[in-house]
Each structure stands twice: as structure tokens, then as C-alpha cells.
Amino acid sequence: MKEKKGIGESINRLFKDPSSLVLVLTSFALIILFVIYPLVIVVFTSGFDNWATFFSKPRYGKALLNTVVSSSLSAFTATLFGFIYAYAIHYSNIRGKKFFRFIAFIPLLAPSVMSGLAFLLLFGRGGMISQWLNTNFNFELDLYGLPGLWIVQTISYFPLAYMTITGVLRAISPNLEIAAQNLGARGFKLFRTITLKLALPGVINAFLLVAINCFADFGNPKLIGGNYSLLAVEIYGEIINNEAGLASVMGIILVIPALIVFWVQNKILSKGSYSTITGKPVSGLKRITTSKRTDALLFSFNSLISLFIISMFAITILFAFTKNFGRDNTFTLDHIMKVVFSSSSPAVLNSLVLSLISALLAVALALVLAYIVVRKPFPGKKLLDFSAVLPIALPGTFVGLALIVAFSKGPIVLQGSAALIVIAMLLKQMPVGYRGLTASFKQVDKSIEEAATNLGASSRKTLTTIVFPMLQKTVVANFVYAFMKNMNTLSTIIFLITPKWVVAAVSIFNYAETGTYYWAAAVAVGLMGATLGTLGVIKLIFRSKVKIFDF
Amino acid sequence: MARKKKNSKSVILLSVIVVVLVAGFFMYKSGVFGGKEMKKITVYSIFQEEEARKILDKFKAETGIDYDILRLPSGEAVSRVQNEMSNPQADFLMGGPADSHQVLKEAGSLEAYASPNASDIADNMKDKDGFWTGFYLNPIAIGINEERWKEKYGSDPYPETFKDLLDPKFKGEIGMSDPATSGTAYTAVASLAQVWGDDEMLNYIKQLLPNLKERPKSGIEPIQKAAKGEYTIGVTFLGDQLKIKYQGNPIVSVVPEAAGYEVGALSIVKGGPNTEAAKKLMDYMLTNEPGELYTQSAYAVSVKASVPIPKGGIDIKTTKYNDAYDLLKAASQRKELQNALKDLK
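The listed protein sequences correspond, in order, to chains R and E. Position 541 (the first sequence) corresponds to 541 in this note's numbering; numbering is contiguous. Basically this note's numbering = 1-based index in the second sequence + 1000.
Just to be clear, a hint being listed does not mean it is correct.
To be verified - Which residues of chain R face chain E? A few of them, derived with a C-beta cut under 7 angstroms, are:
hint	residue
1	Ile240
2	Val353
3	Lys409
4	Thr498
5	Thr516
The hints are simulated quantities; they were obtained by calculation from the structure and are not laboratory data. Quick reminder that beta carbons are idealized off the backbone N, C-alpha and C, glycines included.
Start from the sequences, fold in the hints, and give me the full structure.
Now the structure itself:
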């Protein structure tokens, strides 16, 4: 830090408040060590030769093109489906809205690679539906490659699009729609000119979010991509071949679109949003209702999606609890006992423990960072703020890659330790919490804290007795979110796994890839059980203070 | 106010419980409980995890040593063990072609251990210094789609030797992967080169080319396609053929004379966290029980004569396979032979 540079005032104040100073210095140290250092190492590892190799071999160019094509396709359909699904829930008069909300929540309990697994069980070479088609119609279903990947990514990222769009639709005030209706707009014209227009920035945002997730998705492309090569899978291959340089090149290429999206989200979308102007929905006013025919269409669409999701989970559960579903349908607990409750197979337990620790640390760090950035004056604040949000824009595969490249050699070696897995999860989730908490901090009036300080409370005391209790809801919500994401992450940690610290998502992937489907299914069921159980405990502790299971 | 107090108390209580549980978990993981004998052994498995676990569960029942396992493809296992040399994570490397273990031996990543149970294993199926020991072998075989054979050739006898495959009637009816890229096909031609000499092998492949329908990249593909009836004959490893046969396909396998084979090996990682247990596991692996367990599920042949032939398997001692096949020589010739093969056509 440069200390003699005119910003003496803020530094002076910082030195008078030692606990703040410690917080600021620790935050800088952590961010530099785990965000900036790995990034710098990756850029240096990539090297000129490897860039040349990347651009001279058509194989990599093809992988890049494939990734762009498949991600755009999947993001498009996932967003479209998410929009229709959300529209049906918020605008139509269909029955079973609660049920549909519940269905869209279920996929969040499982890693996205579970969709890949379920897809293989239904439509893969030996899948239930493929076999049925084969025996009854002599039709050979082959969806490996782009078609299968497209379907699976659409289904597994549709809930993300749905959630984002739901938030947008909720924020649209019915006033405008009613006004338009009074002016004579009806049916599709009303939808096109008002609803869609108001929702568009949010819809684009959803599309970008899904696209980035597809871009970095590793498990599904590896399972069902077949010969359709993709960047994330190529990176994995190069890491295995000990070509850290080439992997770094591809990692950097993977990051570029993500950074562009990040920038677009921050700059353009925040300006072009109409929904914020009208504020919160006015109560008492009812939305214009859709026609009966539209209702029927929307209902069938939502039912179809729900059926698909339910059958994916059903087939997984069937495989987990039968000897070898389809061949031997005897009920058994063997698989669950062997891969979930055995001391030789601690994957689910590892996931649970590491996810909890990482989520706790992520929220704690986010809290500290948000606190000092919003409340404390110190030099380098902008840099700290930027670096703390940056990981949100980095694809999981890249975070994992950066950590393994930075911490397997050099001054600090963490390879092979659980710490690295915890850090990787933390880096992906901390920025989300940081964003939320910064917003909350800004809403808490500073005068309350100042009053406490005037009464003699130290910075630490103010934090624990005044600030934390006021932020409890946001903190718990962020903890729950981080925990669920950690339980299900695969691409971020696939490089960091050691035999002692195998986690459930990786087990599901490994078993699915080697065709041990009942074990893959059993681990998936165990993982979902662990997630649900933990959420249940959290709900019991915080009761109405936390929104879980509210549909 | 009272409610709030209760709430903060329960939060404190909960945090204490969580901290204790987490601390206990980490202590358990690092083997603090139960003393040294109970310390887990860590295994990188190239076998299918299900098969490896079956064996390790038996080992656990016998010795009380629990295990952690990570299944990896052989290439990944090799680079992992090499990368971790400064801080080895695994104790034992289970399965995978012997060439991979040889690479690790030369890199200095392995611990030499000549198990007393390895004494009856042939010399070309184990490392002379005990850095790796063979566990199973899997010979090259000629796989024939019975149904398509009947349609095409009626009651003609099946080909018994590699030279039989040169018969012009097989034009476009044989699949064999490209020895320049596939380890499977390379094993076949390297063995022929050892028995016949390099030139005769090259000459043979040249004559064989017109009969080949295709030369796919992956080693298992020819028998998959033969099973589907795309052509009649696929040259692959025997284990792959038997697996596909027992999935309900009409496949007959013949192990021809001079057939080479792959050896699946076991080794102990140097400086691993629990080398003592790894040695015990090596001794156990070379008894009959694991040999039977593995060969039965993978349709491979044990390196030990005392392990019975798996049900449905072929007793290769009754065939004229190349029992002197030198895999190290094959590995050292690889570049040169593959380049020569690329020039054919």
C-alpha cells in the first residue's frame, strides 16, 4: 500500500480504529491471495507458445465454436421456457400454480449433472425410453452430441431463467397494463407492447446468466456431448495431460464472454430497465386475465415441463432403490448403504461438511467486506470492491483451473487439501452475498451505528450488536443460497478433488460416466436428502425469518 | 425481549454443536481416532469402481483397514501420481496397463515391493525390481458375428490365425482399429513384430488393408460394430468381446496364434501416507479371491495359474497366444513401428 499520498485523512482515522484496520488489511490480504494472485498466475502460465498452439489447431477452434453454438441454443430455449412458465404462473388463471412453483424449485436441490444422468437413464443408449422405442418401433434413438446436450442444458438451467424472470414479472406494476387495456390494447398486442417490453431487460439478463452457466458447464457435455467437443471438456483434458499452459489459454478464452456479459449487465441493463420506475406493485389492483384458450395452452405447457422434471427425478429415485432398474426391479437399500452411509464412501458427508463450512465463511467474508466498503474510509476501496465482485463473472471451470494452477506449485501449495475446495466454493458464492449485503448495508441508516459509536462501542461491538441483527434476514438467505449452490457445484471443483475429499457431485458424475447408474442415482438421492435435511434444520431454527419451502 | 434472548442462545448453542461436529469430522478424517492400524488406505483405481470396491470391501473385512478410493482413467492416474510426487496423496494404484506403471517407475514415483505372493507370476508379467506387479492379462482376439458369418460363409470354419484373415473372401468384412492411434491394435501388431520380425509384420498389415472395412480410432469400436452386424469380424481385446457377448450379442471369440496381450498391473506409490497398508493390500491382491472377483466381472485372465478361468471365459493356455510377449520392448518400439505403419497404404 502506498501510504504517503494525500489520502492521509482516511488512513489516520483507520489507524485510530485498530479493529477496522485489521479488517481492512485482512480483506486485502485474502482478496489478493485468492482472487488476484491466481488470475495473475493463470495469465502468466498461458504463455505465447500456447496461444499459438491454440489458434493453429482447428480442434480448439471447433471446440470454441461448438461451445458458443450450444450455449446460445440452450440459453435461448431455457429462457423461452422459463418465461412461458413464469408468465403462466403470474398472469394466467390456471390451476395448480403452487404445484408448478414447487416443481420449478426441485431441480435446485440437485446438481445440474443429475439432469445429465437422468437423461441417460431415459434417453441414453440403454435408456428406458430408447429401449421402448427400439423394441416397439424398431427405432434407434441417438441423442448423444448436440441434441442431447441442448435438451439437458435447457432443462437443467430452465429454473434459473424462471427464477430471474419471476422476479422481473413480479416487479411489473399492473397499473401500466390496466392503463393500456383501458386504452384498448387486448390479447397479444397488450402482451407484446407492455408486458414483454417491460420484462425485456430482465429476460435478456436471464438469457445471459443461463448462457454463462452453459458456457462453463462441464458435467453434461462430458456425459452426453459424445464427439461434440466443448471448451470446458477440453480444459479438463489438458489439465489431465499436464498442459497447464494450454488449459490456461482456454480458461482465459472461457472468461472473455463471461466478462462481457458481466459488463453488459452492469452498464446497459441497469439503464434500460423500465420496471424500477413504477416501483412496487400496487395492492388491490388485479392483473388483466388471459383468455381461456391461452390458459389451456399455458397449462399444457407447464404440465409438460413438470412431467419431464418429475420423470427425471422419478427415474433417479427408482434406480437408487432397486437392484438394477429395468432388469431387476427388486427393492433394495444396498446402493444407498454402500455409497451414502459407508465409511469408505464419504462423498455425501464430505459435500455436506465442506458446503456448510464454505457457505459460512463466504457469508462471513461477504459481511466483513460489505461492512468496510460501505462504512469505512480507506484507500484502494474501489479496487477491493471490484475484486470482491469479480469472481461472480468467472465461470466455475476457470475458478477451479486458476486455483489448481496457482496453488499446486510456487510459494503456497494447497493442492490435495480440503481447503482448496472450500476456497473454490467460497470464491463463487461470496460475491453474491457481498452484492446483497452491500445493498442491505446501504439501507440501514448509518446514524444508528454512529449513536452506538458515540456511546463508546468499539467497531467490533457495533458490528455484533447493531449491524448483524439488522441484517439477519439477508445473511441467512445468502447462507442458504450459498449452501445449496455449494452442494451442487461440479465444474468449480472437478480439478481439486482428492481421494479423501471426493464430493457427491463428482461421484455422481464419475459413476454416470462409467455406467454404474444405480450408484450415481443413489449418491444423487443422498445428496438431495442431505440438502433437504439441512434446509429443514435451518427452517426449524429461523422459522418465519427465512424463506424456504414457501411456494 | 425474552424471545430474542432465547433465539440468540439457540444460535450460540447451534454454533457450538456445529464447531464440535466439524472438528470431530476433521480429526476422524485425519485418522486421530483408532490409532495407526485403523488408518485408511488411499487407492487410485483404474478398474471400474464397483469392481475395486468389491475387492476392497473384502480386504477391509479381512484386515480391518478401511479405504478411500478415487477412480480415474489411466492417463489421468499417471499424471496425478507424478504431479503429487512432492506430497503423495495415494498409497496404491490399482489396475491400468503395465506401460503406465512403467512410466511411473521411470519417473521415480513408485515404491519397490516384491510380494511373496508374486513368486508364481511369469517374469514378463511383473517388473523385475518389484515396482509393479501384473494382476490380469487380456489377450487380443478375433471376434466373429456368428449370424453374419452364417449368412456370408455358411458352415466354413472360423479363422484360427492372423494369416487366415488375409483370405480375399473377407474383403470389407473386418474391422481393426488403427495401430497408429489405438493401444489395442498396437498391442496386436507389436506382438506380431516380436514373433515374425518387423518387416514381415509390416508386410502382413499391408496385405490385410484391402480386407479392412475401416480403422476406427478407439480400440473397442470394431467389436461393437461387428456385434451390430456392420461387418463380420472385429479384432479387439478378448475381454471387450466377452462383455459384449454376454450383453446378448452373437459373438464367437478366437485367440489366434502369436496374439499379444495387455497386462493390468498394481503398484505402490512411493512416500504415500500409508505404505504399510499398501503392502498388505498388494499381498492380498495377489491371492486367489480378488483375482477371481476381478476376472469374473471383467472377463479377463488372471496372471496366476491358481485362479480358475472365469465362467464363460476362454482358457488361453489351450491357445497359441504369444506367452513371451515383451511389453517393455513393445513400448520402446512404439514410435518407430507406428511411424512405419503410417507410411503403409
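Comparing the hints with the structure gives:
For R/Ile240, the suggested interface contact is upheld, since its CB lies about 5 angstroms from the closest CB of chain E, less than 7 angstroms. Residue-level restraint check for R/Val353 holds (minimum Cβ-Cβ distance to chain E is 5 angstroms; threshold 7 angstroms). Evaluation of the R/Lys409 hint against chain E yields a violated restraint, the C-beta minimum of about 9 angstroms exceeding 7 angstroms. At its closest, the beta carbon of R/Thr498 sits 5 angstroms from a beta carbon of chain E; the interface hint therefore holds under the 7 angstroms criterion.
This hint holds: R/Thr516 has a C-beta 5 angstroms from the nearest C-beta of chain E, less than the 7 angstroms allowed.
When each numbered hint is compared with the structure, a violation occurs for hint 3 only.
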